[in-house]
Amino acid sequence: MSQTAPALRVVLAKVGLDGHDRGIKVVARGLRDAGMHVIYAGLWQTPEAVVRTVADEDAQWLGLSLLSGAHLTLVPRILDLLRKAGLENVQVMVGGIIPEPDIPRLLEIGVARVFGPGTPLSEIVEFLRERGGAVHA
Amino acid sequence: MATVTDRTAHDRWEREAAVAPSREIPPTTVSSVAVDALYTPESLNGFDPEVDLGYPGQYPFARGIHATMYRSRLWTMRQFAGFGTARQTNERFRFLLDKGQTGLSTAFDLPTLMGLDSDDPRCIGEVGRLGVAVDTLDDMRQLFDGIDLSKISVSMTINAPAIVILAFFLANAEDHGVDWKDLRGTLQNDILKEFHAQNEFVFPPEPSVRLVADVIEFCTNHVPQWNTVSISGYHIREAGSTAVQELAFTLADGFHYVETCLARGMDVDSFAPRLSFFFNAHNDIFEEIAKYRAARVLWAEALRDHYLAKKEASWKLRFHAQTAGCSLQDKQPEVNLIRVAYQALAAALGGCQSLHTNSLDETLALPSEHAVTLALRTQQVLAYETGVTNTVDPVGGSYFVEALTKQMEEGARNYFDRIEDLGGMVPALEAGFFRREIADAAFTYQREVDAKYKLVVGVNAFPEADEKPIETLAIDDHVEKEQVAALRQVKSERDPARVQKALDEVQRTAATSNNLMPALLEAARTRCTVGEIMHAMESVFGRYDGAAKW
Numbered sequence: 001m002s003q004t005a006p007a008l009r010v011v012l013a014k015v016g017l018d019g020h021d022r023g024i025k026v027v028a029r030g031l032r033d034a035g036m037h038v039i040y041a042g043l044w045q046t047p048e049a050v051v052r053t054v055a056d057e058d059a060q061w062l063g064l065s066l067l068s069g070a071h072l073t074l075v076p077r078i079l080d081l082l083r084k085a086g087l088e089n090v091q092v093m094v095g096g097i098i099p100e101p102d103i104p105r106l107l108e109i110g111v112a113r114v115f116g117p118g119t120p121l122s123e124i125v126e127f128l129r130e131r132g133g134a135v136h137a
Numbered sequence: 138m139a140t141v142t143d144r145t146a147h148d149r150w151e152r153e154a155a156v157a158p159s160r161e162i163p164p165t166t167v168s169s170v171a172v173d174a175l176y177t178p179e180s181l182n183g184f185d186p187e188v189d190l191g192y193p194g195q196y197p198f199a200r201g202i203h204a205t206m207y208r209s210r211l212w213t214m215r216q217f218a219g220f221g222t223a224r225q226t227n228e229r230f231r232f233l234l235d236k237g238q239t240g241l242s243t244a245f246d247l248p249t250l251m252g253l254d255s256d257d258p259r260c261i262g263e264v265g266r267l268g269v270a271v272d273t274l275d276d277m278r279q280l281f282d283g284i285d286l287s288k289i290s291v292s293m294t295i296n297a298p299a300i301v302i303l304a305f306f307l308a309n310a311e312d313h314g315v316d317w318k319d320l321r322g323t324l325q326n327d328i329l330k331e332f333h334a335q336n337e338f339v340f341p342p343e344p345s346v347r348l349v350a351d352v353i354e355f356c357t358n359h360v361p362q363w364n365t366v367s368i369s370g371y372h373i374r375e376a377g378s379t380a381v382q383e384l385a386f387t388l389a390d391g392f393h394y395v396e397t398c399l400a401r402g403m404d405v406d407s408f409a410p411r412l413s414f415f416f417n418a419h420n421d422i423f424e425e426i427a428k429y430r431a432a433r434v435l436w437a438e439a440l441r442d443h444y445l446a447k448k449e450a451s452w453k454l455r456f457h458a459q460t461a462g463c464s465l466q467d468k469q470p471e472v473n474l475i476r477v478a479y480q481a482l483a484a485a486l487g488g489c490q491s492l493h494t495n496s497l498d499e500t501l502a503l504p505s506e507h508a509v510t511l512a513l514r515t516q517q518v519l520a521y522e523t524g525v526t527n528t529v530d531p532v533g534g535s536y537f538v539e540a541l542t543k544q545m546e547e548g549a550r551n552y553f554d555r556i557e558d559l560g561g562m563v564p565a566l567e568a569g570f571f572r573r574e575i576a577d578a579a580f581t582y583q584r585e586v587d588a589k590y591k592l593v594v595g596v597n598a599f600p601e602a603d604e605k606p607i608e609t610l611a612i613d614d615h616v617e618k619e620q621v622a623a624l625r626q627v628k629s630e631r632d633p634a635r636v637q638k639a640l641d642e643v644q645r646t647a648a649t650s651n652n653l654m655p656a657l658l659e660a661a662r663t664r665c666t667v668g669e670i671m672h673a674m675e676s677v678f679g680r681y682d683g684a685a686k687w
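Protein chains in written order, with the numbering used here: chain A, 1 to 137; chain B, 138 to 687.
Hint data in this document are derived by calculation from the structure and do not stem from the laboratory.
Where hints are given, some of them may not hold.
Here are the simulated distance ranges between beta carbons [what the hints assert, rightly or not]:
#1 K589/B x L107/A: 47 to 53 Å
#2 N527/B x R131/A: 54 to 60 Å
#3 F553/B x G35/A: 37 to 43 Å
#4 A7/A x Q517/B: 21 to 27 Å
#5 P633/B x I103/A: 42 to 48 Å
All C-beta atoms, glycine included, are put in the ideal place defined by N, C-alpha and C.
Isolated chain B (complex conformation) (with noise of 0.2 Å):
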């Protein structure tokens, strides 16, 4: 009988496919590794399934951080959402909510990410018009109106005003009787990234990381549920990164984060059970599987046994995923749905903690409800009409999910050892070494598309002559003159004195080592703005503009 393991079938084997049709572009993943025919046990020399794979739940959680995953608990749906004002976007919130939807994710406007006011000149156009804009504490009361923050998890994209944001969220919730005790949810607050890819940061690298671990700290002490960071690869891979990069770089950023913290004096497992991450889920679906189940493996080990932390909670990686934003196209946008579908399969049997998939008129607007529906009900198939919830990672043990892990293992360390040659993380940036090596990926990945090496669908393949154009969502541009006239108004009805030295005190913490959530609680009472509150900062931190040579 002959098994795997027999030569004379495996030699058989390579006599076939030596002799059956190849492509002429040897296969790859999205991310240009290469694809051999076939994987076998021999892929996996050195493989021990009980140090390698294990059990879910347990070290090095390869399988999986819960025991039985999707079979107690599914992924929280939470679809990213916000534009216009705060009303617009809580009427958006309590529409996804009545369509199933589990968690929130909050989409803040330019002017929010950048930390400037509704009525700053160098916002004009953009207020309301990619997020929702907050300027003050009533606009965030205005977001969560209705809405029971003591049972609705929220998570809040937001990086360098990160710490003023969840001052105003904390501020709200206190305002509304709900104790931080029971608030759940995740600030964005990773800084790193931005230097790395969105380019979402005002101040220097060191003051900006400070103020990351100072959410940390805070929440360490008042928020205990809270998720301080959400460390993210997304962005980096929509900048075009590979899928190693991504992975890589998103790690590094979480060590240098963990290491600040420590070097505070804070102890390792207080905080690292709350910090959790957020991935890409692109197209290549064994190759994001074998990248999540790369990153909760190298974690652990990290944790465990350089960090030493002794907690099983702070071993645990724990993902948000969201598909691949790059990969939709504005050519045939219907086949966007079935892209998305893929990729949320992809993250689910990569066994994420929680789910954000696009709509398929992303590439031309922000979404509309039915395309949004749409979205949600990708994952709702997903987990109720497939199968794939019904037993723990169902792919574990593949020949080629495992190998392929092994090798996103192997990269990633690559990348670890050189950041450590360039002394570390943040001289390694201030090198540009991580914007170079994703500039180079993303514009090797365009060659490769132009050249049809990489096929996409409606683009360099299958186009169509005649496209209909689709409905898309349009932001008025009443949005804008809504929120300035109301920001106005908020700033006639405030106590200037007590403004003033609310502002006068951010500056003063700033300037020490001092935690600065308690001056900017009080600023966010005394309705100062998110502008005013940054300048302050500002002007003890400075400006940066380094990154923007890349």
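Next up, chain A with everything else stripped away, as it sits in the complex (with noise of 0.2 Å):
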């Protein structure tokens, strides 16, 4: 584990009526037990609520879970609002309940990557410490 680079900032949230957030949580824990500095904006927020708090927070990633199906109408509707924001080198991971055909999709909208149920901690840890942060101009 590195000691000398900055701690990665994160923020994590669930979007739309969904409330499961046993996951969130769980990875929330993780993360910050591997030193990022993590964010958890908490339930029900809407898209413009969690580009604001990316905003606020001058986050790097943005982690969002979904286990309504609504994700199709709002990972991208929060993408296309990070770029509006300016946002654009922001990244973005999902989890949740997602369906294996509808992963290329948000890939392809920009989604670095989609974690399903079974992913252990370590797996999403060594992946954002791969990735890093995003750099600002």
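Since each chain comes alone in its own frame, lean on the hints to assemble the complex.
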């Protein structure tokens, strides 16, 4: 674990009406234990609110959790809002229940990675460390 | 002749056990409770079969709540179902009844669960995806079209707007000439576990519990066969709790509802017999059996000795079980069939009254027809081919099961004390006690799986390199359009003056301590929507977001 690099800043959020937060809270704790700076924005976030939090927290990563089936409506909206806010360098990852056929679509529109339900925490940590943070001009 | 109490045999066993190969990780239950290599009569010091075990159908009901259990009547096979429009769900209901299901269980979509209408901007992308969309009484009518509500029992899984949905259900039954006295079913209506785990709450704790009590009170007087609450541990477990936490928090919630009704001046024996429960059926067979037995014993004890209920029916804990959704995996999904079969076995050995078995594809989507048929067949094989239903409580008297049951009871009692120390249910809830306990357990479990202390077939053990994707149910985007159009139609045809009057009455009544049901029934009949009714109540109760901080 690198002690000299600044901690990655990660915003985690649940968007839409879905209230299943077991996974996102476990991920939040796991990333914190790995030395990252985690802001958990909570439940029922609108796309607008999520993007505001990302901006306010100067986050490098945004992690979204959806188990509601609404991902193809909400995730593109968020990516669009990030772009409009000049936050296109913020990297986005998605977790929850995302059917296989929908994964390529999400990756196409700019999601960096989709993590399925059985993903070990170490895999998420490794992935984030590897990818690092966004570079701001 | 050596017997189990002969020290020679015991000493020999200890010697052999000491040198036998042992596992690297000491064996525990799924909830990380240590499990000994052997359980003997010595494991049950102080156990008195007459007091602690008793007879099925008699206090403390450790062996079951009926004298002959499944020999006389099997558990109800009740598969949770719902998606899309009311018409689509009605079709799935009829499909399941046709396949041999014996009771109905309704899944509502997220907008409905959260008390919002299908045309609310907050609901875009969510309509009909996780359950059926219900906006008005017309949807309720369509949902149960062609189903004789006087003959089939119906469960409805809904919490924050439960009282509203029940009003719709009762109004619909009335429209079809079904006497409320003949209606059988269950309303989940357990708001406390929403604050602990599932997060489908809208109003703050106090008014939310008031609504739960309004349902209990109304049904006690007008819908006598209705199970007014399904006090749930399922969701608490799904959120990551241990078995003991599931047991303790569920019963504590039950105690709080009892106390709320007593505080209204209700007689415990008038409503307690219609309180029901809902537990998870997780992987560890014996831990689950012990949990169900401990639940019956603890509830009976509390109702008889603490709340002084006089009727035996008040002491009996009746429960529905559902196999653990959180145990299902998206890798090698057919393996889920096997998990569900073992979990169903635990529920049957534990004496459940009603059972839902998950479908193998549920980590990926809502169940396909094929998958849900297999899930139902799982119950049918269990019921008719395995022989476990031939005798009551087949595992009763097992040293392991009885020891584990006692341990579970003790663990629950410790939690009851801790909740007391925190000032009771509402203060403990508002202090985040339950959420933190559950989050800690969830994290511990994940750590153990990641470290391979707990193995999950297909995930961290025995993976397959090439997985063939399976076909899953897809919810059409047209559902939302159809539902919104239908809602607009209803809104254009109803009498706006009557609607406003009904909503004003809901708001007015919410601000008093009178039972809301009569006002809600009128609102249902005038075609007020779920969202409009909830909004009227919200203007009095407020909206709660306190629990979103963890």
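Return the numbers of the hints above that this structure violates; sort them in rising order. 1, 4
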